[in-house]
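Novice: Relying on the hints, combine the two individually framed chains into one complex.
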Amino acid sequence: MGSLAAGSAAAMGTGAFTSVSADRTLSINVAGDASALLSISKAKDTDGNVYPNAEEYVEVSENEEVSLDFTQVDDTDGASASGINRDAKTIFDNLLDITNNGTQEVVLSVESDLIASQGGYLGIYAENTQEDEDTDGTGLSTNQTTTLGVGDTAANIGIYIPKGSNFDDISGGTLTFVAEKSGGNQD
Amino acid sequence: MKRRRFLAGVSGLASTGGLALGTGAFTSVSAERNLEVRTAADDEALLSLRQLGSGERSESDGTPGTVEFSFPGDERRLSNPSLGLGTDSVYEFDRDAEETGQSATEGLLRIQNNGTQPVEVYAEQQTDSDLEIELYDVTDADKTALRDNPAVLNVGEHVDVGFRIRTTGTNLGTHDETLTIVAEATND
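So the sequences go chain by chain: W and H.
For the first sequence, position 136 matches number 136 in my numbering, and the numbering has no gaps at all.
If you count the second sequence from 1, you need to add 1000 to reach my numbering.
Among the clues, some could well be false.
Unchecked claim - Straight-line alpha carbon distances no greater than 25 Å define the calculated DMTMM-like cross-link-like pairs of lysine to aspartate or glutamate that follow:
#, chain 1, residue 1, chain 2, residue 2
1, H, Lys1143, H, Glu1106
2, W, Lys181, H, Glu1075
3, W, Lys181, H, Glu1099
4, H, Lys1143, W, Glu111
5, H, Lys1143, H, Asp1130
6, W, Lys181, H, Asp1074
Claimed, not checked - Part of the chain H face toward chain W, derived, beta carbon under 10 Å:
#, residue
7, Gly1084
8, Leu1085
9, Thr1167
As the list claims (entries may be wrong) - To give a feel for the contact side, a few chain W residues facing chain H, derived at Cβ under 8 Å:
#, residue
10, Ser21
11, Arg24
12, Ile28
13, Val30
14, Ala31
15, Asp33
16, Ala36
17, Leu38
18, Thr46
19, Thr99
20, Asn101
21, Thr103
The hints are simulated quantities; they were obtained by calculation from the structure and are not laboratory data.
The structure presented is a predicted model; accordingly, all values stated were derived computationally and were not measured.
We put the CB at the ideal spot given by N, CA and C, even for glycine.
Only chain H is shown next, with the shape it has when bound in the complex (with noise of 0.2 Å):
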């Protein structure tokens, strides 16, 4: 009876069990913490995203800068504003328009694995155009579209892809689309 009048008295906490806090017992905390992080150009990130060709179809826009691109390319466009796709059509281009010949080079986007482990690409759209946008390897005799066959790419590993433009369905003018581009560590 005295033991328990004098548990009492010091502390109402002081039970056996739960509540024992122990030894650093707080109400709350705000640690602050610092982060580093920094935004790269795309053909300088860890998914590095580089024009390939002449700026025809392609720029890099703002700084840092990421990759925008046009069909028809931006020169004629300027020169022939009524120009472009055909509707009902599928089109595949798959190098920027100055690139001719035999020394041409090929594909339009260098996407580049410059992480740490080996990842899949591919592209995905969502529009309300019915404009339908794909990828695929240039190096690709059937021209498979990422999507459907994402490209695998190791540590430093690039695939250089042409762009494939459906416009089935399709109303004339000019269409301002979003390619997402998503590259996905494998599980090993």
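With the rest of the complex left out, here is chain W (with noise of 0.2 Å):
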């Protein structure tokens, strides 16, 4: 018939537009807790071997996170228990390193309603900041942060019972993490 094309075309605007919607993609590696961006792992001494108390109380899940158990000890040489003394102080030294293998400074803390300072019964700690203990006549720490460069390990993370915890307050729960760049939310 004959073309009917019309000459002028139908030219896009000056740029307004109603909507857009732009799928872009991301690609995340999401690892075990050893090989995450902030590491947690069984601590270990300087000659790379695993700390009894890491062996005996740290777990690793399926999903390789990890866990802290005190409910049961099975002892190498037959004997075994079932839980932590009343109306003690126990110490657990050497459970867990920490790195930051992160491209920034940060700061870790430990946010959980089972530290005493936060409402619970326990004290968590890692051995380079025993120095820097800040008690308040409980024994306690509440200075519980610890600076950690590139590359860094908090080490030889450990937990502590007071005596005199009430009883019926000693239950499970969980311990939160948090490292926060230096500086924090100061931009």
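Specialist: Here's what the structure looks like:
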């Protein structure tokens, strides 16, 4: 029938758009605790051997996630235990090493309602902060932060349960390890 | 009677009312018109998406280029393939990996409105992996996710965003995720 095409093009206007929806890709690698940007692993000595306490009380799940279990002890000599002593101060040294595998210096702290200064009953410390321990008379460390440069490790993190803890207060829960870049949110 | 016969003879359609198509009757038309459109690289598009920083955690892919992101950044993953985000955690990345110190560039992505109307900007994500990804304005002290409080950009304005990634319940391994960045004209 012959072309009816008109000459003028329906050109795009000067840039107004009603909506845009752009799909963009992210590739994210999720790793086990030992290889994470904030890595958490069984505490090791300077020769690279895992400490006995870490071996006993630190569990690693199938998802390679770390947890602490103080409910059962199976000694290699055949003895066993089912819990900590009542009315006693119990200290567990050398449980975890936490390493900053990120790209900036961070301040490491722990948030948990299990911790005495946050309403709970236990204390948590890293070996290299014990000298700066700031106690409030109860023997519990209130200064629970440590600064980690890139590649630095908060080594030999331990837990203690003070004497006199109310038996009914002692229970399990969650420890949240927080690493925030030094200087926090002040931009 | 004479009149009626005449009308019937000339054209069965020429009755009063509905079927009078007028002087332009046609059975079909196929009219070709031109439409011009051009795609642009992300940083030159109407909704401009520009990577910020030194290209560790971001890159421009293809021609014209679209932005892509990687956590950890590409180089670190090459030198340490097992490195990754820990599980059951919340990570915030507010700048590129090499950006440290006083003169660091903040933000990983600059979203700019190159259109002619104000728009609201936010991001959405559909995933099977349980990874949750949010964008937040790096100048916002509360770091509110854009999807909870979209950035309003007037013409020419931009927002520099960081990424918040939650790995609650996520499996180990590499996950390729799609984030949909949306800009909608605000109703004035």
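Novice: Next step is simple, just say for each hint if it's right about the structure.
Specialist: Status of the hints after comparison with the structure:
| no. | hint | in the structure |
| --- | --- | --- |
| 1 | Lys1143(H) - Glu1106(H) | holds, 13 Å |
| 2 | Lys181(W) - Glu1075(H) | holds, 21 Å |
| 3 | Lys181(W) - Glu1099(H) | holds, 12 Å |
| 4 | Lys1143(H) - Glu111(W) | holds, 20 Å |
| 5 | Lys1143(H) - Asp1130(H) | holds, 21 Å |
| 6 | Lys181(W) - Asp1074(H) | holds, 21 Å |
| 7 | Gly1084 | holds, 3 Å |
| 8 | Leu1085 | holds, 5 Å |
| 9 | Thr1167 | holds, 6 Å |
| 10 | Ser21 | holds, 5 Å |
| 11 | Arg24 | holds, 5 Å |
| 12 | Ile28 | holds, 5 Å |
| 13 | Val30 | holds, 5 Å |
| 14 | Ala31 | holds, 3 Å |
| 15 | Asp33 | holds, 6 Å |
| 16 | Ala36 | holds, 3 Å |
| 17 | Leu38 | holds, 6 Å |
| 18 | Thr46 | violated, 23 Å |
| 19 | Thr99 | violated, 11 Å |
| 20 | Asn101 | holds, 6 Å |
| 21 | Thr103 | holds, 4 Å |
Of the hints listed earlier, those the structure fails to meet are numbers 18, 19, in rising order.
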